[in-house]
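Dock chain B against chain A, hints included.
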Amino acid sequence: MEILLQQILNGLVQGSVYALVALGYTMVYGILGLINFAHGEVLMVGAMVALSVMLKLIAAGLAAPLVLLFGLLVAILVCMALGYSIERVAYRPLRNAPRLAPLITAIGISIVLQNLAMIFWGREYRAFPALLPNGTHTLGGAVINDTQLIIIFVSLLVMAGLLLLVHRTRLGRAMRAVAENPAAAQLMGVDTNRVISVTFMLGSALAAVAGLMVSANYGIVHYYMGFILGLKAFTAAVLGGIGNLRGAMLGGVLLGLIESLGAGYIGGLTGGFLGSNYQDVFAFFVLIAVLVLRPSGLLGERVAERA
Amino acid sequence: MSPKRSALTLALLLTATLAACGKSAAPTGTAATGELLVKIGSVAPLTGPQAHLGKDNENGARLAIEDANAKSISIAGQKVHFELVSEDDQADPKTATIVAQKLMDDKVNGVIGHLNSGTSIPASRIYHDLGIPQISPSATAIAYTAQNFNTAFRVMANDGQQGKALGDFAASNLSAKKIAVIDDRTAYGQGLADEFIKAAKAGGATIVAQEYTSDKAVDFTAVLTSIKGKQPDLVFFGGMDPQGVPLVKQLKALGLNAKFMMGDGGFTPKLIELAGAAAEGVYASLPGVPLAQAPAGKDFTQRYEARFKQPIQQYAPYCYDAVNVMIAAMQRADSADPAKYLPELAKTNHDGVTAKIAFDAKGDLTGGAVTLYQVQQGKWQPVLTMGGAAK
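Residue numbers (the working numbering), protein chains in the order written: chain A, 17 to 323; chain B, 1145 to 1535.
If we strip away everything but chain A, and leave its shape as in the complex, we get:
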């Protein structure tokens, strides 16, 4: 029983990370119908920038909460600037090009960022300072620590904030209008370019937050860390229904749970025939099954199709 509880907790933590990253994918897709494959790398840059800033501040003798706050702030700002530039350089010139073209530039940007980060921060794995509180709690035999609780809490908070933003503010209305029909939105006086830029900046800020959370949880950063995470989060976004904020959250948590329970029990259930090496197979099998039954993901697609 405690093993099951522990597996569920593992899945929730992992899933919350996926969800946080998936939100970034889904926001951009919701507005532009574009899969921003560089999102994982923005996350990595966020983590790296936070690391550099934090190391400087720790050396200067600042208190831990302040170090964390400044690290996060600088990472968010840098990532926002990065997200803005990526959109300007790689996506905007291709706004009216065939859909494949921005997909290719996205992959290109992702490779460029990885290599720049490798040159800049080195190819070594680097330790991430453990500044988040790290006390452990025992819950019916299962263990969870403060960092993991913070991850779950932050991703819930971020999603709530995003939902409010999209549905309750002027900017949110503009975003929804651009998503529905960019040309019509522009005719109605919405500055579509600005809305798209803001969306990219928001998504990148989320990536910075996620980057910090992931690094704090695992305690290591590496220029390659965004790639696999981005891939998993993209899967989560598709599972939940890409373009849908609630879907990203649901898909992320679900993917985390499937992976964790799959890895934990698949061996026992099949009598050792399939081992934990099939955990990814299992996760993708669920994805395929969902897509066959509901092609637009669990919670359906974007509010409206592009005209």
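It should be emphasised that the hints constitute simulated quantities derived from the structure, not laboratory data.
Check each hint, because a few of them may be wrong.
[Unchecked claim] Selected chain A positions facing chain B (in silico; Cβ < 7 Å): (1) N26; (2) Q30; (3) I236.
C-beta atoms are modelled at their ideal positions from N, C-alpha and C, and glycine is treated no differently.
Just chain B now, kept in the frame of chain A:
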């Protein structure tokens, strides 16, 4: 496109191009008149999760090449200029065959590499087909030399020797009764885990769980939780340090009270630096006797650190030895022609930094010793050296 934007695009493109061809843009040492140019290829993952290990390999080979050039060696009456051709295989078997082909097109005289077993094995066929000698510094999978290619050598004990030492040590010296095994499904991790299991079982231990992961994973909580339910007293991981670090941290965080053990993939300063307190008590092995105890080891360590301004990660001394073994064979054969110096290479008897290097008929190291280390007070300390004359 506005001029401003095109300038930015151009700048970005330039950066990308520079990043992509940084290494090939290095000046190629064209042999001056009368000099014989001998190219030695070095292949290791220079990007990706194992990039730090790959760079270490390249550095080790580079140091040997620089030494050889400083000694102004002559072959067949001609002064030789050695050149290192370094390639990146990304630890990916598919990429490995591509860069292997590239080295062949580049007409290298011999190859040092690859770092991983999973990449050395597919590449070895390409080298064998063209008769180019290959010495892997660190591929330990049995399958690498089991193909009976006369061109494939290695300067490190194989997984049969290493896995046996680890399994014996776990079952006898640590008297582990219930053992859980995880491997990363690479040729190396899987092979080492299999040999470990064989030896541990022979030593009277029971394997209570066998789990798997990949060489790119960072989250192992699910697998570890399932292992925790089986209450093992030792967890063995067949894999490299990028996975070993989060694995041991998560193992401790989950409150799993078991000893943790890895093969040579875990024996790095990085493991201690990154895992911090969690690394305390971890066991790992490395073929050969401890570098600090070998006569030439200390000197090598100092020169490496002075040249590259960083500590040795892992296999640099093996790469250094591999290059020297190759160059020595060329000198004995008085030829850099692969067909001519290959027979000499097989007859190697070389006092290296890591070990006394001699090959058996398969190209394996004869009498490979394996040393077990443990992290004690934040440092790798040798615990026991096993074998040496065996096999």
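- Query: What are the numbers of the hints that this structure violates, sorted from low to high?
  - Reply: Structure breaks no hint.
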